[in-house]
Amino acid sequence: MLIAHEISLGGVYVPPLLIASIAGLIATLYSARLMDRYRISRHFISPPLVLLCMCVIYTLVIGELLIGI
Amino acid sequence: MTGMAIRLIFPLANTTKESLKTALAMVVAYGVALGLGWGDPAWAGFAVAFVSLNSLGSSLNKAAMRMVGTLLAGLIALAIIALFPQQRWLFMLALSAWITFCTYMQLDSRFAYFWVVAGFVSVIICVSAASASTDPFQVAMLRAQQTGLGVLVYSVVALLLWPHTSGSDLKIQCGVLRNTQLALVQALLSGQKLPQGELQKLLRQLYGAQSKLEALVDSAVSDTYSVRALRAQWQRFASDSASLTRTLLQISNELKEASNLPVREYFSNLKEFSQSLTICLKRADPTAPNGSDVGPPDLPSLQTKPATLRQSGPLEAARIELIHDVLTDLQSCALSMWHTTRAIRTRNDSGTVSSHPRITAQPQFTMPDPQQFTAMSRVFFTVWTAYLLFIYVPGLPGGASFLTTAASLAIVLAPVPFISPWRLVSPVLISIGFATILYLLVLPHLASFWGLGTILFLATFFICQLFSKPDNSQGKSIGLALFLIVIDIQNIQTYSFLSVVDLALSMVLVLTLLLLAAYFPASPRPERIFSRLLQQYLKSCEALLRQPQAPSSGRKKMLAAPSLFLINWRTRYHRKMLEIVPAKLVLLAKFINPNLLTSIEKSALREVAVNAKVLGVCIDKLIGAKESSALSAKEAQAPIYQAWRDAIVADISTLAQRCFTGDTFPASNNAWRAMLKEKPIFSESGLKWSVAQCKSEPQLRLLGLAHSTNRSFTALTTATSHINWKKWMETRFY
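Keeping their order, the protein sequence lines are chains A and B.
Just add 2 to wherever you are in the first sequence, counting from 1, and you've got my numbering.
Just add 3 to wherever you are in the second sequence, counting from 1, and you've got my numbering.
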């Protein structure tokens, strides 16, 4: 279990949740592109809601396992 | 001579000249605002950034709309603040109602930008006054005077420095349109079979050229004296040209498969008629020098061969009757155009002779458009979400500016829901990054306005050049606006890294909100909007065909007056849909993801738009013929006509349903095409009229128009069958 701590970027301290959410957003966008590419997204009723949920899940997973939030 | 010398010394591209003008106007506007000690000089800079367009006329029009819109917004904002000074929910309800009203109006107005400005400036004034506890009157006045300054400075710079008027563009466009009209007339009346797709290409060119002409006349009226002096004649010319284009679209529908009907055999003087028509169109050149005027051409009336006509069946007779009417109408349009162009050439402003009703874009009292309600609800949703976040989320990045930015962008994006807010991400990030570097590393070292002016000039020039393509005009405006917000120049300058980070975070949140709101209440994907619009268009066709004939006798007419009002109200709306939807389809076709389309589908999309326009013209003529006094109520309600009408209405309804719900399509396109071959969904059963049933000429005309409508519907159905709707209807992330 990682301990939550601020991350220093060139002397500017940023909150770990910000880093985790940016990483989560990037992962979500790539996943969505892949799902479009392989026509998996046609099984979703509301892709915007799925996108939002994926973003939250990725952010929490990355934050908990890799960064510590 | 001097002009040539300047051109030789400065051989600059048009985009570079426009960027230089904007940059110079920006520096002058800031210089004046700072010199006079006015607060918020960025507002003058915004005016410069937003009114700078490629031609002087367009810029002046936009500048006027921005100024008048700002004044109206000031009035409304002060009224809302005065009415609800302490009731925040009522205050926000009134403000959001005004914004949604402006959104509705901008979607159905020639002065769309006026309503956009009236909407978002009222939010800026209200929110600035409410959140900063400053005097609202001062805020409104400051906004108006800074906007006036920016508009004035840009107008003066654009008038003096490389003025690019629309007059020259209008001349070129007139030539293009005339050549296309001539080519189409010659192609249709020569009787020769055109290569595959050639006619569709000409029709698309004609349609595009006509749309550009109308916009250019508006611009040229503002910036070219010779056009402004003959404003009424030029507007008449645009209207006559629109009539000619509509008639050409209709005649192309009749003559495109001339081999099915040997038209030449039915008319004794088609060759002379065609030649005189071509000469008339060649002479209808508004840009020709005055000395080249050679009088009206001798236009013979089209003669039919009665003997041949008697031997033909009723359908052929009806078609020939219709072709005769449309060609006569075409001749009349060409003559009307010749009269108008003669008035322009001879600078005769005493009015022109024309037998055609004028086609104008005047607003009419019609039934509300569901698409406009969709846009309104999206703006309402965005504004209220932003407002609730502002109230209930402590420390929201941007604070009050979060609400103003969200509301402003929501109104601006309302007419183009198919443009994703994703497209704004790169201009936003580039501008913020670029402005931050200047703000933190360069501006603190400046000590005078000369240094600041140089930096402003170079930065504005760089941003204008970066987004110089016409497609990037929104990116340019947003980029410049963000640049000015970040550097936040005041007479007493302060620097804060936090304010930049706050703005960046606020913009990320605003774009996220806009992305979410884009899906409210319906998908913003261009292909979905295309399907919805096509369905809406087909429903309008259906409604117009279903429409009962109005009673003609006095007492019945009086009794039916209230229902007549409703019928007319609805009819005006459906006719407006027939007029505006095809142009929207053309625009949407450009935005559909190319990865979703095959090469056949790409050309089919354009064909759908043109064929929809042709169908609209045919139905409009059919309704006109039904309403004409020449046809009695009994004739118009003949059972055979009713049968045909019911059949085609059912077919249109089926097509509308299939365009919308891809599920009802067969598994593949090939099967759909095979089904079309085996059992066409467009029925011709209603057209089996006998000679005895078509006694009168109006009845024959009605039969001809019914057949014409059938043909245009067939063409539309064929074009839609090339599109894989099922794939379009699949849900996707992007």
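Hints listed in this document are in silico derivations from the structure and should not be mistaken for laboratory results.
Fair warning: there could be bad hints in the mix.
To be verified - With beta-carbon atoms standing in for the labels, derived distance ranges: (1) A:54 <-> B:290: 55 to 65 Å; (2) A:19 <-> B:450: 38 to 48 Å; (3) B:429 <-> A:32: 42 to 52 Å; (4) B:515 <-> A:7: 43 to 53 Å; (5) B:159 <-> A:68: 27 to 37 Å.
Claimed, not checked - One side only, chain B facing chain A, incomplete, derived with CB under 10 Å: (6) 415; (7) 504; (8) 519; (9) 526.
Here a beta-carbon is modelled for each residue, glycine too, at the ideal position from N, C-alpha and C.
Checked hints:
1. A:54 <-> B:290: 55 to 65 Å: holds (57 Å)
2. A:19 <-> B:450: 38 to 48 Å: holds (42 Å)
3. B:429 <-> A:32: 42 to 52 Å: Violated, at about 18 Å.
4. B:515 <-> A:7: 43 to 53 Å: Violated: the Cβ-Cβ distance is about 26 Å, outside 43 to 53 Å.
5. B:159 <-> A:68: 27 to 37 Å: violated (58 Å)
6. 415: It is violated, given that the least Cβ distance between residue 415 (chain B) and chain A is near 21 Å, above 10 Å.
7. 504: holds (9 Å)
8. 519: With Cβ-Cβ at 7 Å, under 10 Å, it holds.
9. 526: It holds, given that the least Cβ distance between residue 526 (chain B) and chain A is near 9 Å, below 10 Å.
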